[in-house]
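S.K.: Letter by letter, the chains look like this.
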Amino acid sequence: MAFAARAVKVPPNSASLEEARCRVFDFFRTACRSIPSIIDIYNLDEVVTKSQLRSTIASEIRKNAHITNPKVIDMLLFKGTEELNNILEHAKQRHHMIGQYVVGREGLVHDRDPKDEGISSFLKNFYNSNYF
Amino acid sequence: MGLGLLASRAMRPIKSSNFRMCARYIVTKPELQSPESAAAEAPAQPDLPPRTPVGGARIHFPNPEDAIEVFVDGYPVKIPKGFTVLQACEVAGVDIPRFCYHSRLSIAGNCRMCLVEVEKSPKPVASCAMPALPGMKIKTDTPVAKKAREGVMEFLLMNHPLDCPICDQGGECDLQDQSMAFGSDRGRFTEMKRSVVDKNLGPLVKTVMTRCIQCTRCVRFATEVAGVQDLGMLGRGSGEEIGTYVEKLMTSELSGNVIDICPVGALTSKPFAFKARNWELKGTESIDVTDAVGSNIRIDSRGPEVLRITPRLNEDINEEWISDKTRFCYDGLKRQRLNDPMIRGADGRFKAMSWRDALAVVAEVAHQVKPEEIVGIAGKLSDAESMMALKDFLNKMGSNNVWCEGNGMQTSADLRSGYIMNTSISGLEKADLFLLVGTQPRVEATMVNARIRKTVRATNAKVGYIGPETDFNYDHQHLGTGPNTLVEIAEGRHAFSSAISNAKNPVIIVGAGLFERDDKDAIFSAVETIAKNGNVIRPDWNGLNVLLLNAAQAAALDLGLVPESSNCLESAKFVYLMGADDVNLDKVPNDAFVVYQGHHGDSGVYRANVILPAAAFSEKEGTYENTEGCSQQTLPAVPTVGDARDDWKIIRALSEVAGMRLPYDTVGAIRSRIRMVAPNLLHMDEREPATFGPSLKPKCTQKMSSTPFSSAIENFYMTDAITRASKIMAQCSAMLLKK
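If you read the sequences in order, they're chains D and R.
In terms of full-length UniProt numbering, the first sequence opens at residue 1 and continues consecutively.
In terms of full-length UniProt numbering, the second sequence opens at residue 1 and continues consecutively.
None of these hints come from the bench; they were simulated from the model.
One or more of the hints may lead you astray.
If the Cβ cut is set under 8 Å, some of the chain D residues that face chain R in the computed set are [said to hold, decoys possible]:
| no. | residue |
| --- | --- |
| 1 | Phe25 |
| 2 | Phe78 |
| 3 | Ile119 |
| 4 | Ser120 |
| 5 | Phe122 |
| 6 | Leu123 |
| 7 | Asn130 |
Cβ pair distances, simulated, as ranges [what the hints assert, rightly or not]:
| no. | chain 1 | residue 1 | chain 2 | residue 2 | range |
| --- | --- | --- | --- | --- | --- |
| 8 | R | Phe274 | D | Glu117 | 53 to 59 Å |
| 9 | R | Gly345 | D | Glu117 | 44 to 50 Å |
| 10 | R | Ser565 | D | Gly99 | 37 to 43 Å |
| 11 | R | Leu635 | D | Val103 | 38 to 44 Å |
| 12 | D | Ala65 | R | Ser603 | 44 to 50 Å |
| 13 | D | Lys124 | R | Ala352 | 17 to 23 Å |
| 14 | D | Asn128 | R | Ser565 | 35 to 41 Å |
| 15 | D | Asn85 | R | Pro639 | 40 to 46 Å |
| 16 | D | Val103 | R | Gly345 | 29 to 35 Å |
| 17 | R | Asp518 | D | Lys124 | 44 to 50 Å |
| 18 | D | Arg94 | R | Ala352 | 30 to 36 Å |
Think about it this way: if two alpha-carbon atoms lie no more than 30 Å apart in a straight line, the pair counts; the simulated DSS-like pairs of lysine-lysine are [what the hints assert, rightly or not]:
| no. | chain 1 | residue 1 | chain 2 | residue 2 |
| --- | --- | --- | --- | --- |
| 19 | R | Lys504 | R | Lys697 |
| 20 | R | Lys193 | R | Lys137 |
| 21 | R | Lys430 | R | Lys454 |
| 22 | R | Lys504 | R | Lys430 |
| 23 | R | Lys334 | D | Lys124 |
| 24 | R | Lys248 | R | Lys520 |
| 25 | R | Lys454 | D | Lys124 |
| 26 | R | Lys532 | R | Lys504 |
| 27 | D | Lys124 | R | Lys351 |
Quick reminder that beta carbons are idealized off the backbone N, C-alpha and C, glycines included.
Can you build the whole structure from these sequences, using the hints too?
M.R.: Pasting the structure below:
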């Protein structure tokens, strides 16, 4: 199987930041290309659109935008590839996908008030717990 | 008692080979018979390592030429005249095992555990009862002393049951510790052990009298410190037992301290029975808030639960005792707690809601009323930080009607000497005359009363009392019940006024219950006249005191929590109660919006429209100032309950929601704000005396009414939200209060 072969192969380290950058784009393209099959595998078409999933992938990658060490980028790429393989292997279940990539880390309950925009970090912490 | 020290001394190799034999025979030898021979073979060692006194004990020489020198194990120590051999050993850094000796009680000398060898004395001497003489050569770890202690221990264990596994004292038992050092590994007694009937001493102290070793510490504590003559020693010889002779409960407000002084498990805490072992507990050094004394306590907790409260040593405040209310109020921390923000619906029932919504509701209502219709009242358990935040918040809203309950409406916070105990609690010991005006220290401030009793016992100080009929545990003179007597003394028409002028260090204590009276200024000016005529305030002695009732009062007045208008509560539209349960809420108009911020569902909640749950004193870090002006700090021992928050954080969050953001985000920042208002509140564990005396006060023109003084506290055991929620305190008030 193609993904199994991909999983076994560990590419050599990136020589420069430029090379690492290219690999990230490669990975992003691979991930985007597998979105239709992911939606198919996990029956996600009623909860999410392709473009939403694409932007989720992009934001997961952008979370690490500040990293400049090519070794670290390689490591993160490896983790991302592994995650993608797991998803394509159906190693996950539907609720994993929904929980991690559709609903997101904040959870279903959106305790965010539009009025909360301008509040201080003290008040944000206060609403969360007594200990900060 | 340092177990390690004792054990290491016991395990020290002994020169004589007899002790190395496998089977342990009880033998006697010439050197055990005569102390001289043992002394002779030990030459004086010139270079001894310097030792540190036991427990960091310091000695005070009242008269430098009275110092005498004794030798403890060859090590010379200087001690004042009148010290006992045991005290000399403690100064030399040798901990003598003891059961009956207690430094704050009289000397009984009946356990014989503290036997030491003294050169030229034919027998080992009981060091606790023997005065040290100049040049005495004391030997504490000779075979004779060790043998003597082993003998005593064997006799003590003869009748002591082997129930350490089910004994609550296990792990903190003096007998257990010392038997590790001096106990034999087998018993020689084949007879049955003695058994003694348990006594019923009330709802606080559990007795297992079979475990008693007749040290009589509890008897001496009851008669000397607590001032109840109930306990005593009955019977003779092996029939000797501690009891009350006729079945009687121990009705003292200090009775819990016998639990601490009992060296074995004969007297243990009834509410704590079988709850925990002492090594499972986490101790947090904190401050008591049930009265204004600020006794130093240790809160022992396991996980989220407070399991017991024990005293900490503080010579200036509570010595090593605490009152029963302090010790046993902790189960109130588990009952009636508020754990969620709640709002009262149209049907009159409370509904839980989120902090976000609750604060939004409160902020909206606060903006709808006029600034002068906003009123804030701090409760009697509030800490200085939250009172500072409350005052700042209300001032930002445009209102200055904020005060602390118990302080009355016209109390002046201008002169600090007018509301603190100027003599200081430990300073009371120097007094030779007391005049108590409208205060019953026994119920209002138990530890202050214990100090007065100590002084009365030591110096036969005279006590005069003006107020309603009440119980005292020392000799006193009931001068009258109301202001009329006060005027008589002030005008010199009373016999007691000459006693005040003749006294060297007279003390006048005015109860804070008088703050609530309308003629308070007139009473205080009468008291100041008495002080002036009797020369009570001198450069070297300030004997004019106010005895406060609540933990929050002194800090509230220091921070200037004084209402602008005295009848603001009647016209209030928005009332912010910060743990205030004892204000008369009938005066609040029906259409007023009442916010209750607090930790217990007490009387304030019945009228509240919104509840904001806060942390109790065991759950937060807060500064409290006691009645003598000493700032101390509580530390969090357990986590907060449910969704509760610290008091100052709630007000800080509310201020932001209301658009009047307070400029502090951390405890450190709020303390620097306090530093601007009352810097003395940040000088922890330090008493800050008042700078100016009452002579600066303007002349009072108020007329004094002749209504007699009333008692400020009806029920000693239930004075605040925590103690009212406590089951143990309810049992105490049902069984122990005199009806």
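S.K.: Could you run down the list of hints and mark each one as holding or not?
M.R.: Status of the hints after comparison with the structure:
| no. | hint | result |
| --- | --- | --- |
| 1 | Phe25 | violated (42 Å) |
| 2 | Phe78 | violated (41 Å) |
| 3 | Ile119 | holds (7 Å) |
| 4 | Ser120 | holds (6 Å) |
| 5 | Phe122 | holds (5 Å) |
| 6 | Leu123 | holds (5 Å) |
| 7 | Asn130 | holds (5 Å) |
| 8 | R/Phe274 / D/Glu117: 53 to 59 Å | holds (55 Å) |
| 9 | R/Gly345 / D/Glu117: 44 to 50 Å | violated (30 Å) |
| 10 | R/Ser565 / D/Gly99: 37 to 43 Å | violated (59 Å) |
| 11 | R/Leu635 / D/Val103: 38 to 44 Å | holds (41 Å) |
| 12 | D/Ala65 / R/Ser603: 44 to 50 Å | violated (58 Å) |
| 13 | D/Lys124 / R/Ala352: 17 to 23 Å | holds (21 Å) |
| 14 | D/Asn128 / R/Ser565: 35 to 41 Å | holds (40 Å) |
| 15 | D/Asn85 / R/Pro639: 40 to 46 Å | holds (43 Å) |
| 16 | D/Val103 / R/Gly345: 29 to 35 Å | holds (33 Å) |
| 17 | R/Asp518 / D/Lys124: 44 to 50 Å | holds (48 Å) |
| 18 | D/Arg94 / R/Ala352: 30 to 36 Å | holds (34 Å) |
| 19 | R/Lys504 / R/Lys697 | holds (25 Å) |
| 20 | R/Lys193 / R/Lys137 | violated (39 Å) |
| 21 | R/Lys430 / R/Lys454 | holds (11 Å) |
| 22 | R/Lys504 / R/Lys430 | holds (9 Å) |
| 23 | R/Lys334 / D/Lys124 | holds (29 Å) |
| 24 | R/Lys248 / R/Lys520 | violated (41 Å) |
| 25 | R/Lys454 / D/Lys124 | violated (54 Å) |
| 26 | R/Lys532 / R/Lys504 | holds (14 Å) |
| 27 | D/Lys124 / R/Lys351 | holds (23 Å) |
Hint violations for this structure: numbers 1, 2, 9, 10, 12, 20, 24 and 25, all remaining hints satisfied.
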